[in-house]
Amino acid sequence: MTLRYVGKGVRRVDGADKVTGQAMFVSDITVPRMLHARVVRAGVPHARIISLDTTEAEGMPGVRKVVTGQGCGILFGTCLWDQPPIAVDRVRHAGEPVAVVLAMTEHQADQAARKVKVEYDPLPFQLDPVEAARPGAPLIHERNGSYRRVEYIVRSEAGTNIFHHYKLRKGDAAAGFAAADVILEEHFEFPLSSHCSLEPHGAICRFTQGGDIDMWASNQAPFVVRDVLADMFKIPVTRIRVRVPYLGGGFGGKSDVSIEPLVAYAASQVPGWAVKLVLTRKEAITSSLIGRGMMGRMKIGARKDGAFVALEAEMYFADGAYGDTSWPVVTVAGHNCTGPYEFPSCKVDSYGVYTNSPPVGAFRGYGHPEGQFMLGRMIDLLARKLGIPQGDLMRRNFLCEGRRNGLGQEIKRSHGDLFACLDKVEAAMAGTPLPPEDDRYLYGRGMAAMAKSPKMAANAASTAYLQISNDGSVFVNLAGIEMGQGCQTAFTQIAAEALKVPIERIRMYREVDTQFTPWEWQTVASMQTYRGGRAILQACEKAVELLRLNASLVFDCPVDEVEYDGDACFRKGMPANRLPVASLARGYMFGNGLTVGQPVQATGTYRVNGITEPDPETGMGNAAGSWTFGVQAADVRIEKATGRIDVLHFASCFDPGRVLNPVTIRGQVAGGVVQGLGAALMEKLEFGPDGVIRNANFGPYRIPTIDDMPGKLTIEFVETPNPEGPWSAKPIGEHPIVAVAPTILNAIGNATGTEFTRMPVRAADVLDALRRKEGV
Amino acid sequence: MATISLKVNGTPCTVELEHDRVRLSEILRGQLGLTGAKIGCGVGKCGSCTVLVNGEPVTSCTLLARKADAAEVLTIEGLADGAVLHPIQEAFLDAGAVQCGFCTPGLIIRTYSLLRNNPGADDAQIVEMLRHHLCRCTGYLAILEAVKLSRERMAQG
Ligand code: FES
Ligand code: FES
Numbered sequence: 000m001t002l003r004y005v006g007k008g009v010r011r012v013d014g015a016d017k018v019t020g021q022a023m024f025v026s027d028i029t030v031p032r033m034l035h036a037r038v039v040r041a042g043v044p045h046a047r048i049i050s051l052d053t054t055e056a057e058g059m060p061g062v063r064k065v066v067t068g069q070g071c072g073i074l075f076g077t078c079l080w081d082q083p084p085i086a087v088d089r090v091r092h093a094g095e096p097v098a099v100v101l102a103m104t105e106h107q108a109d110q111a112a113r114k115v116k117v118e119y120d121p122l123p124f125q126l127d128p129v130e131a132a133r134p135g136a137p138l139i140h141e142r143n144g145s146y147r148r149v150e151y152i153v154r155s156e157a158g159t160n161i162f163h164h165y166k167l168r169k170g171d172a173a174a175g176f177a178a179a180d181v182i183l184e185e186h187f188e189f190p191l192s193s194h195c196s197l198e199p200h201g202a203i204c205r206f207t208q209g210g211d212i213d214m215w216a217s218n219q220a221p222f223v224v225r226d227v228l229a230d231m232f233k234i235p236v237t238r239i240r241v242r243v244p245y246l247g248g249g250f251g252g253k254s255d256v257s258i259e260p261l262v263a264y265a266a267s268q269v270p271g272w273a274v275k276l277v278l279t280r281k282e283a284i285t286s287s288l289i290g291r292g293m294m295g296r297m298k299i300g301a302r303k304d305g306a307f308v309a310l311e312a313e314m315y316f317a318d319g320a321y322g323d324t325s326w327p328v329v330t331v332a333g334h335n336c337t338g339p340y341e342f343p344s345c346k347v348d349s350y351g352v353y354t355n356s357p358p359v360g361a362f363r364g365y366g367h368p369e370g371q372f373m374l375g376r377m378i379d380l381l382a383r384k385l386g387i388p389q390g391d392l393m394r395r396n397f398l399c400e401g402r403r404n405g406l407g408q409e410i411k412r413s414h415g416d417l418f419a420c421l422d423k424v425e426a427a428m429a430g431t432p433l434p435p436e437d438d439r440y441l442y443g444r445g446m447a448a449m450a451k452s453p454k455m456a457a458n459a460a461s462t463a464y465l466q467i468s469n470d471g472s473v474f475v476n477l478a479g480i481e482m483g484q485g486c487q488t489a490f491t492q493i494a495a496e497a498l499k500v501p502i503e504r505i506r507m508y509r510e511v512d513t514q515f516t517p518w519e520w521q522t523v524a525s526m527q528t529y530r531g532g533r534a535i536l537q538a539c540e541k542a543v544e545l546l547r548l549n550a551s552l553v554f555d556c557p558v559d560e561v562e563y564d565g566d567a568c569f570r571k572g573m574p575a576n577r578l579p580v581a582s583l584a585r586g587y588m589f590g591n592g593l594t595v596g597q598p599v600q601a602t603g604t605y606r607v608n609g610i611t612e613p614d615p616e617t618g619m620g621n622a623a624g625s626w627t628f629g630v631q632a633a634d635v636r637i638e639k640a641t642g643r644i645d646v647l648h649f650a651s652c653f654d655p656g657r658v659l660n661p662v663t664i665r666g667q668v669a670g671g672v673v674q675g676l677g678a679a680l681m682e683k684l685e686f687g688p689d690g691v692i693r694n695a696n697f698g699p700y701r702i703p704t705i706d707d708m709p710g711k712l713t714i715e716f717v718e719t720p721n722p723e724g725p726w727s728a729k730p731i732g733e734h735p736i737v738a739v740a741p742t743i744l745n746a747i748g749n750a751t752g753t754e755f756t757r758m759p760v761r762a763a764d765v766l767d768a769l770r771r772k773e774g775v
Numbered sequence: 000m001a002t003i004s005l006k007v008n009g010t011p012c013t014v015e016l017e018h019d020r021v022r023l024s025e026i027l028r029g030q031l032g033l034t035g036a037k038i039g040c041g042v043g044k045c046g047s048c049t050v051l052v053n054g055e056p057v058t059s060c061t062l063l064a065r066k067a068d069a070a071e072v073l074t075i076e077g078l079a080d081g082a083v084l085h086p087i088q089e090a091f092l093d094a095g096a097v098q099c100g101f102c103t104p105g106l107i108i109r110t111y112s113l114l115r116n117n118p119g120a121d122d123a124q125i126v127e128m129l130r131h132h133l134c135r136c137t138g139y140l141a142i143l144e145a146v147k148l149s150r151e152r153m154a155q156g
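Quick mapping for you: the protein sequence lines, in order, are chains A and B. Residue 0 is where the first sequence starts when you use numbering that gives the first Met the number 0, and the numbers rise one by one after that. Residue 0 is where the second sequence starts when you use numbering that gives the first Met the number 0, and the numbers rise one by one after that.
In isolation and in its complexed conformation, chain A is listed as follows (with noise of 0.2 Å):
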């Protein structure tokens, strides 16, 4: 069967709103009494609060409330529940907020907002995590280990600051080393980064006066946002509405929870009353979500002739003020540490440690850019010291039919092809070959495989409903939020495909709202096209079963004689007598008025079956329900005075099972590719000594601009088919970031002979290393 839309570049469904500035954000929403909230922050890392003073603030022009967390008891979470949404006496990072001052418009809650007075008892705080991890070391929540908590996954331990320890044991990896010809180990850091979104957090939120909560929110999970509330409040997730606009990218950083506790708690002081909190740059920088964080130290084990033997690591995370967010980012960080190889046996401990920085929270690619920057480096390493051909030793490793992943996952073919994907990145290199040094320059290539599977709740589903109308024209409502990755226009594209009908007459609703839409775990994990689209065939098969029934009763003949082609039905053998979709849509309707049939309407779910949390003891089990795999690699050009790092070629090749839109998965992989290169070599949250953010805003906070592009960006792709996703389509929008900054390092390492293990790696760093190199 030919396919009308799958595979094609369809435009966008919600481009021309956002080419006209249409396209509402929540911080283009104004609703009635509305009240502008203005956020204190501490300011200061780690502190008691001895006192604080708002007289003078309430008393300012326009104000209506300032709210303080004094008397406020609740902490919120969604499986570790140890944070309250605002700061009641203590102070555990400098974005933490204080007080909010609520007033008539934003410049008049900014003015008082200076009023507010607080003074600070100043405890030790701690940024480093190793250090924080230590026994003895300064406590950031003497209660870790006694909050509420779902205890089979978050792994806290009592009277320190790990607050979860994720353990993967897989076979005997003492016994694995001692096996080994050649062992490798080294030090790695992936330092904090902002997700920095261009669309800074924004939610509003009224508490009516009959007991209700309403709120629009930028957040990739509302169903995940109501539930929250509906917990921290005691009452019916059934009086919450949450509704979600367009969304200015998310990356992560606007998932699970941010800001929406704290603007519903602000707004459950003033019922009736709307607060609006949209944050500015800076507070996105340092009082929503970070991202990354990491601290590790990988060791590998292999025979002389490449094959692994055994993998070692150990992760510190600095997780920040509060763990529920990144709790699960620990876990799976470790789980997939392995990458896309096979390892025999694996030793792997994961921590969250508290630290005194904004939370961590999902940052696209969830832990596998982490553990997989350690892993990449080491293969690249590893290959020269074995005096083996890095694609040899990759090609010898790959997870491939019959292998085992760390989980302990037996890996199918259909679940991806590694090595058509190292055979299209070979290629596309070979064919810009490396110039060798001149005077002025020095260039490496590097290059570094991946893979990735979805860390999500055990009972992740997406539900789709479908309504056909009188005029044939379709509604589709799931609550895949819209946040630059496409999902609108795939799940437009399979909807027609299902339904064989022009694409013109496929309308997902544009606004996702739990009022309205049926529940949807959350828009993380790369799944809406994958979850969300099978949910959608599902409804697309039951409306097409309905549409043949009424047809059936029409024709008054058994329904499996009833044939439908996307425009009609008709009786198997007789094409000529028609009934339209139309005419079906509302059941069908005689010429005296009398109808038979029902009204055509489905819903679909889908959720990825068997998912299991890993075991306790071994951190092994079916906790992985998909994988996309992929290779990358990069040719790099060192400018020798000034140590300046340009990309010339960043090519890249994965296997998402099938390319649903040529267009809209090009801009993921060259969007992802581009923020891995503002990992590798330019972002890092500095904090001063004094603990509190230095680079909070964009300028100091350098993201990539134009000039960061590659010169050159080979996008390949490989399409094994698979049983899995709506025709094969697998997840694919975190996976183009997670192996960039392994192939960016080797490739530096390539070109320079030093072999970074930190990032980001600047141009200042690489002139260092030059010098250093010329001095010995």
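Calculated directly from the structure, the hints in this document are not laboratory data. None of the hints are false.
Distance condition first, Cα-Cα at most 25 Å in a straight line; then the derived DSS-like pairs of lysine-lysine:
#1 A:Lys281 to A:Lys116
#2 A:Lys423 to A:Lys411
#3 A:Lys7 to B:Lys147
#4 A:Lys711 to B:Lys147
#5 A:Lys571 to A:Lys499
#6 A:Lys639 to A:Lys772
From the derived model, a few chain A residues whose C-beta atoms are all more than 12 Å from chain B:
#7 Lys116
#8 Val149
#9 Arg296
#10 Glu400
#11 Phe554
Pairwise CB distance ranges, derived in the manner of DEER restraints:
#12 A:Thr641 to B:Arg20: 35 to 45 Å
#13 B:Thr13 to A:Glu510: 32 to 42 Å
#14 A:Thr207 to B:Asp68: 36 to 46 Å
#15 B:Asp121 to A:Glu409: 50 to 60 Å
Backbone N, C-alpha and C define an ideal beta-carbon position, used for all residues, glycine too.
Given the structure of chain A, go ahead and fit chain B with the ligands onto it with the hints provided.
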């Protein structure tokens, strides 16, 4: 309270300034309901809030509103001709240059300003122009292509 008068997308309007540090972006977004210009940083570093003031691209988050008194302002809302998109808007769609769309209005406005003043802008001038804008989604690849496509289409008229 001070007032200013300006012409926005061809329509004259007079607005009151709450205080003397009000930025043009606040007037456009807050008082005139023109929310197309986005606030990504508020400090002139990302370009999302770019509008044309007397024909020149400016970051409306940094321009004091009182400095825009008597000015002519063009925002993204004023670019399309009713329901007919401007060729640049079409080019951004065709090139796949739009993802989350938060950076898009500013980019389109600056592209318009460049190509109107310099229809034959060369690639280096295009890159120079794009330096003023941050996009976290696209990696700039498709944006660059969209601007080049706009140049071609506008040249063809
Ligand atoms: S919002 Fe004006 S430049 Fe960023
Ligand atoms: S499309 Fe999202 S910031 Fe450019």
